[in-house]
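Trainee: Sequence:
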Amino acid sequence: MSRHRRQRKSNSKTLRIFQANVGKIAPARDCALVLADVEEYEVVLCQEPWTETKDCRCLMKPTRPTTPFHWVSSWDSTTTRPRAMTYVRRDSRLITNLQQLYITRDILWLMVNNVTIVNIHRRPDYDVALNMLLQWATTERLPGSRRPQR
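Residues in the sequence shown are numbered consecutively from 107, following the numbering used here.
Because the hints were derived from the structure by calculation, they are not lab data.
Ideal Cβ placement from N, Cα and C applies to all residues, glycine included.
It is possible that part of the hints are untrue.
What the hints assert, rightly or not - For lysine to aspartate or glutamate, the following EDC-like pairs were computed, each having C-alpha atoms within a straight-line distance of at most 16 Å:
hint, residue 1, residue 2
1, Lys167, Asp136
2, Lys160, Asp182
3, Lys130, Glu158
Unchecked claim - Just the calculated beta-carbon pair ranges, DEER-fashion:
hint, residue 1, residue 2, range
4, Val234, Ser198, 36 to 44 Å
5, Lys130, Leu204, 16 to 24 Å
6, Pro133, Asn203, 25 to 33 Å
7, Glu146, Asn220, 18 to 26 Å
8, Asp161, Gln205, 31 to 39 Å
Construct the entire structure; sequences and hints are all you get.
Mentor: What follows is the structure in structure tokens.
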């Protein structure tokens, strides 16, 4: 494999988004992030990310080329850990803002370069997260968003 990164020619306004439910499995999460990095995706939506608690510490595996975003500030078990986590490539051209519409471990709202991205984990037979999403009026502006230029 070449040591030099390929330069992807694309419209600078286009975000490439990768999505995976990794089922709380560390190797699946690692594989998803490596694949997204190799294919040069800017945003990775991850449902059921791998997390762990050890000695009263909340653990996630480190990610070199990305920054992880989630709403859960601490967890002590699998019943309190984040279920939706979004990773954004570390790049000075990507302006990322975490949005707070609801504090839940099932939905994460981000603005990346003024594009709203919603990462949702829908648990089987439990529609609370889905109902929150359906109640959100897409015509509402998120805090920090700008009106599109015409």
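Trainee: It remains to establish, for every hint, whether it holds in the given structure.
Mentor: Tested hints:
| no. | hint | verdict |
| --- | --- | --- |
| 1 | Lys167 <-> Asp136 | holds, 9 Å |
| 2 | Lys160 <-> Asp182 | holds, 9 Å |
| 3 | Lys130 <-> Glu158 | holds, 10 Å |
| 4 | Val234 <-> Ser198: 36 to 44 Å | holds, 37 Å |
| 5 | Lys130 <-> Leu204: 16 to 24 Å | holds, 22 Å |
| 6 | Pro133 <-> Asn203: 25 to 33 Å | holds, 31 Å |
| 7 | Glu146 <-> Asn220: 18 to 26 Å | holds, 21 Å |
| 8 | Asp161 <-> Gln205: 31 to 39 Å | holds, 32 Å |
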